[in-house]
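Which chain is which? The protein sequence lines are C and Y, in order.
Take the first sequence: its position 531, counted from the start at 1, is 531 in the UniProt record's numbering, and no numbers get skipped.
Take the second sequence: its position 634, counted from the start at 1, is 634 in the UniProt record's numbering, and no numbers get skipped.
Derived from the structure by calculation, the hints contain no laboratory data.
Mixed in with the good hints, there may be bad ones.
As the list claims (entries may be wrong) - Beta-carbon label-pair distances, calculated as ranges: (1) S630(C) to A333(Y): 34 to 40 Å; (2) R187(Y) to D143(C): 21 to 27 Å; (3) G277(Y) to E654(C): 44 to 50 Å.
Unchecked claim - Partial list, derived from the structure: chain Y residues whose beta carbon lies under 7 Å from chain C: (4) G162; (5) H173; (6) L196; (7) S287; (8) I289.
Unchecked claim - Simulated coverage check for chain Y against chain C, where a stretch passes if three residues somewhere in it have a Cβ under 8 Å from a Cβ of chain C: (9) 109-120; (10) 604-615.
Where is the CB? At the ideal position from N, CA and C, for every residue including glycine.
2 protein chains.
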Amino acid sequence: MISREKHDRMANAIRFLSIDAVEKAQSGHPGLPMGAADIATVLFTRFMKHDPKNPYWPDRDRFVLSAGHGSMLLYSLLYLLGYEDITLEEIKNFRQLGSRTAGHPEYGHAAGIETTTGPLGQGFANAVGMAIAERLLNARFGDQLVNHYTYALVGDGCLMEGISQEALTLAGHLKLNKLIVLFDDNRISIDGPVSLADSTDQCARFAASGWNTMHADGHDPEAIAAAIEAARQSDRPTFIAFRTTIGRGAPTKAGTAKAHGSPLGADEIAKTREALGWDAAPFVIPSDILDDWRLAGLRSAKERVAWEKRLAESDGTVRAEFERRMRGDLPEALPSVIAEYKKKIAKENPKVATRNASEMALEVINDCLTETIGGSADLTGSNNTKTSQTASVTPDDFTGRYIHYGIREHAMAAAMNGIALHGGLIPYGGTFLAFSDYARPAMRLASLMGIRSIFVMTHDSIGLGEDGPTHQPVEHLAALRAIPNHLVFRPADATETAECWQLALESRKAPSTLALTRQKLEPVRTEFEEDNLCARGAYELLPASDEAKVTIFASGSEVEIAVKARAMLEERGHPTRVVSVPCFELFEQQDQDYQQAIIGSAPVRIAIEAGIRQGWDRFIGTDGLFIGMSGFGASAPAAALYKHFGITAEAAVEAAEARLRATR
Amino acid sequence: MISREKHDRMANAIRFLSIDAVEKAQSGHPGLPMGAADIATVLFTRFMKHDPKNPYWPDRDRFVLSAGHGSMLLYSLLYLLGYEDITLEEIKNFRQLGSRTAGHPEYGHAAGIETTTGPLGQGFANAVGMAIAERLLNARFGDQLVNHYTYALVGDGCLMEGISQEALTLAGHLKLNKLIVLFDDNRISIDGPVSLADSTDQCARFAASGWNTMHADGHDPEAIAAAIEAARQSDRPTFIAFRTTIGRGAPTKAGTAKAHGSPLGADEIAKTREALGWDAAPFVIPSDILDDWRLAGLRSAKERVAWEKRLAESDGTVRAEFERRMRGDLPEALPSVIAEYKKKIAKENPKVATRNASEMALEVINDCLTETIGGSADLTGSNNTKTSQTASVTPDDFTGRYIHYGIREHAMAAAMNGIALHGGLIPYGGTFLAFSDYARPAMRLASLMGIRSIFVMTHDSIGLGEDGPTHQPVEHLAALRAIPNHLVFRPADATETAECWQLALESRKAPSTLALTRQKLEPVRTEFEEDNLCARGAYELLPASDEAKVTIFASGSEVEIAVKARAMLEERGHPTRVVSVPCFELFEQQDQDYQQAIIGSAPVRIAIEAGIRQGWDRFIGTDGLFIGMSGFGASAPAAALYKHFGITAEAAVEAAEARLRATR
C-alpha cells in the first residue's frame, strides 16, 4: 500500500523533472507529464511488470506513450525507475543534439522506449499490434512464456486522428482483453478547449466497438488503481477515461492550452514548487523519493527470475524456437529453401503476375518461417497474401497466422509495426500500392525506427486497368523511395519476387515494400542462379551483343518491355543491354565501381517504369530517355493503357533510335 | 405517390444497367448498385433537388457516392434521370478508354459527378465539406439562395477507414443538420462477411458524436422514404443504417462477397432477369420506365426556376458577389492589392518566418477575398492561418471564416476538397508539413480532380528543431512534388510568400501546398518588383559578377544560405549566381529557352534544400552537388541541426571550391 502522501511525492518527482527539463531546454511539453503523473505513478508502482535491469525481458508488460509529446513523462519514469540508459544527465540534455531524450520518444534511443511516438494515434495502433502479438505468441508458447499486458496512454489528439478508430475497432473485434488504454482526458488541445472542435463521448464510441469502458478521476490514486485493476479482469480491451487537469499543479496555467507545449517560465515554476510543496532544486530528486521509485523498479524482479526459470525448464526445441524468434534470427534453412524454390521456378518459368509469384514464394517462406504473420486490408484475394499455412486469426482463436485487418490500411501498417516491435513475429500485410498513401505515416515510422515490417503492395501501376486513376499508383514508387531507410522492391518475375522476399526478410533494420503487379508477366530470369541477384539493387540482366550503344533500365512489369525492346534494337544493329532495377536503395549501398559498371557508358540510356520519372535520373542522367507516366492514369483495360500512355517496346525503340541518330 | 410496382421497376432499371455494363466491360462492381438501387430510387424520385438540364445549379442538393466502386449506380441514375453527359453509349463503354464512365466516378468527366470517389471514406469527408460550405454560404446569402441538403451513400469500407471517424466527429460537432448519410449496410466486404474484421455498432458510434441515427430496411421504399424524411427534419446530421442485400436479385450471389466486384456471369444474369421479372434485352430500358425516370428528373425544375427568380431579384451587389464566387473568379483587385503589399514589404524588409509571412499575406488576402475559409488541424498558432477577418465557425454560428478542424489532417484535407467542390468558397487549411502524410490521400484527390484546395504546411524542415525526426519533414517536399498536378510552393521570404499565395489563389485547376518555415529568415528579395517572379517557378535571384562559375539553386529557408554562400564565393573570386526555386511544377511549365537560361552553363551547380536530393537532379544534373539531407533528422535546436547536417553556406562554399579545383 502506498500512502497518499508518498504517492503525491512520487508523482511530483515526475512533474518537476518534466518542468525542469522543459525549462532548461526552453522547449517541450510540460502539460501532459504534469497531468498524467498520477496515472503513471499508479501504473508503474502497482501494476507494470517490467525490470529496469533487464529491459528487454520478452514477457514484460508494454507501455506505450501514444501522446509522444509528453516524452518527459516517459523519460522521468525511466530515470526514476532505474533504467540505466536514462541518466539524470540525459534528462538535463532533453531535446539536445545526441541526447537519448529526444523531443519525442525515439525507439532505439534507450531501453524502455517501446516505440517512436509523436505523430498522434500511431502509438495507440502500435499498442494494438503489440497486444495482438502477445495473444499470438501466447497461443503458441503458452501462459508460462507469454502472458503480459499492453498499456497505452493516449490524449485527445490520438483519439481525434482517424487511425485511432481503425485501431480501436480492430482491437474491439479481436477482443484484445490484455490491452488497456489510459485516456488522459484533460479536455485541452493546442487551439484551446477540445470543445472547440469535438463533442465526442469517447467511452460511448469505444463501447460501440465492444470495449469495456470506464471513467475515473485521474488524480485519485485509489480510483486509478481500481480502474486499472478492473480493466485487467475484463474479457475485452479496456478504455479508461481518466479526467485530468493538464499542467496539474501550475497555479495559473493548469487546465489551459498554455500548459501544453511551452516551458512554464521561471515565475510559474516557482509558484508551482510552492503550490506542490516541492522545495528541491531543479533536477534534484530527494533521496527518499528516489529510493521509493527505485524500489518500485524492483517490483517485478522476482517474477522475471521465475519466468527465466520457466524458460530454462521448457522443452529444448520450444525454448530454442522461442529464443530464436525473440532474437529476430531467421531459420538457417531459409537461403537453401529459397534456392530450391528458385531452381523449381527456373524449370517451370511460370508466366504469372508478381502478386501470384509473391503468393508462391510465401507458400515456401511460410513453411520455413513459423513467425510470419500475414494479413491484408480486406484485399486478401487481390494481394495474394494468404497461404495454406495461414489460418485466419479470430477473436477466439489466435493460433492462426493471418489477420483480416479490415479496410484499415493505416492501422494495419501501425499494428504491423507494433507486432514487429513486440518481437517474436514478422508481420507482412497487403493493400493496393495506391493506398500506401493511407498507410504512409506508419510506413514512415517503420523506416525511422528501422524495424522489419513488410508491406505487400499489389496493383502497382496502370497495369491494374479498369479501376482507373484513383487506384493506379503513378507517383507512389517515387514517393516511397523518397522515405529514408525504406527498401522498395519491384520485382520483374517469379524469380526476382522470391529474391526480393528473401531480402525483405533478411532486412532487420529497415522495413520493405514489395510493389507487385496485378497483370501477368513473362519471366525474364529463366536460368537458375544460386546468387540473389536482386541483392545489389540493380544488375545486368542481359548484356549487349557488342559494345553497348543503348542501356535500358527497368523495374517490375516493365522489364519484359525492356527485354523486348532490346531484342528489337539488337536486330536493328544497336547493341543493347538491359539492367533490371528491383531496388534503388540497395543499389545505392553498393560501391562506386559496381554502380558505375551498372550504369555503364552506352551513349543512349533509357529507363522504363510505369510511374513518374522522379528518381530515375540517377540511372539515365538528366538527358536520359524516360518511358513512363507524366500524369495520372485512366480507366481502361491494362493493355489499352500501356499503349495509350506509350509504355511499349516500340516507343522505347523509337526513342532510342531517334537519340542514336541525334548523337551520331 | 409511387406505387411499389413502379418503384421496383425503376430500381430494377438501375440494377440491370449496372449488371449489363459490368458484364460487357467484364470488369466492375455490380453488388452495390443492385443492393442500393432501392435507396437511390427513393432518394432521387422523392427527395433530391436537382435539375439534369441545369446540372450546375448552385443550390442543388449534392449527392456523393462515397462507395465509388458502385459507380454504375451513379451512371445509371444520371442516364435515367436525363443528364446529357451520360448517354446509353457511355454506359455501354463503361470502364473503356476515353469514356465518361470510368471505373470509379471521376469529377469532371460528366455533370452530376460531384466528386471523385473510390479511395474509401473520401467521399464521406467531401460530403462533410460540402455540407459545411452550404452552411457557410447560407449564413452569407440566406435561405433564398443557399439552402440544400448533402447526401452521401457510404459502405462498410468507408466506415472502417479512419477518415470516416474524423469526418463524422467534425460533422457531429458542427451539427451539420443538412447532411444525411445513407449507409448501405450489406455486411459484406471483399474478404467475406464484415464480421471477419469488424463488430462495430455503427449507429452507436455515430450517436457518440452527436448524430441523429436510424435503422431502416433498405429494400422497403416507404421505410426508406420515412427515414430520409425524418432525417431532413433533424437538427443534427443524420446517419441511416439501411439494411440491404448486396447483389439484391441475383439468385446465387446475392448476399455474398461474390456479388461485390466481378461480373455476375451470363448464367447468373439470366437467372437474375428471371427472378426480378426483367425481360428487356441488355441496355434496353422499357420506355415506360425510362419515362418515369425522366419525369423524376424534372421534379425540381420549378424550384430551380423559382430560385433563379430569387437570384435575379436579389440586391445587385449581393448577386454579383454570389455569381462571381460561384464562377470561382477572384476579385479584380487582388493583383493590385498584392502589389501594394509587396511594396510595403520591400520597404520594411521584415525578418520573419515564412509562416508569419503567410499570415501577413493572408491578412491582406482575406480582406480582399471574402470567399476564403481558413482552418487548421489544431495548430492555429503554429500554422498562422487565422487572421483578423476570420472569426471561428461554431455549431451555432456559420458567419465565421475559420474552422477548427481538430487533430484531423485527413478529414480536413478532404473536407477542404468538398468545400472547393461545392463552389463559392476557397478553402485553406494548415498542419505541419510532416503530417501532410496523414492528409495525402485527400491531397492526391485534389490534384486528380484539379480543384483549388490550398494546403498550408508549416515547420517545413529540420528547421523546426527540437520536436525531432517524427516532426521533421525530409522526404515530404519530394513526395508532394511527385504528385501530378500539385503545385508545391516553398517561398524564401515575405515577398516570395505573398507571390506564392497569389499563385495558389490563381491556380484554378490545381491545388497548392505552401511549405513554410517555423524559423525566422533573412529577406532575400529586398527590392520591389511589380512582376510575380515566383510565377515562373524558378528565377535568377542574384546574377554572377562575371561569367558564372557556380550556380546555386535553393528553395525556401535555404535561399538565404545560398545568398551567403554566393557572397563568400564571389569574394574568393568565383562568380556565382543564385537561382531561387519556389515551385518546381511552374518551372516545368516554362518554355525550354527559359528553363535552359535558368539552369545556365556554370561548370559547378549546387542545390541547397533541407530535404532529400530526389528531384533536384533536374537542376544540377546527376553530377551536381547537393547540400541537404540524406536521412532522417534529429531532435535539437534548429541552428545545431543545420550545422550537424552540414546545411551551411560554408559547406556549400567548400563543396563548390573542391569541385572547381577538380574541374579546372
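Output the indices of the hints that this structure fails to meet, ascending.
2, 3, 7 and 8
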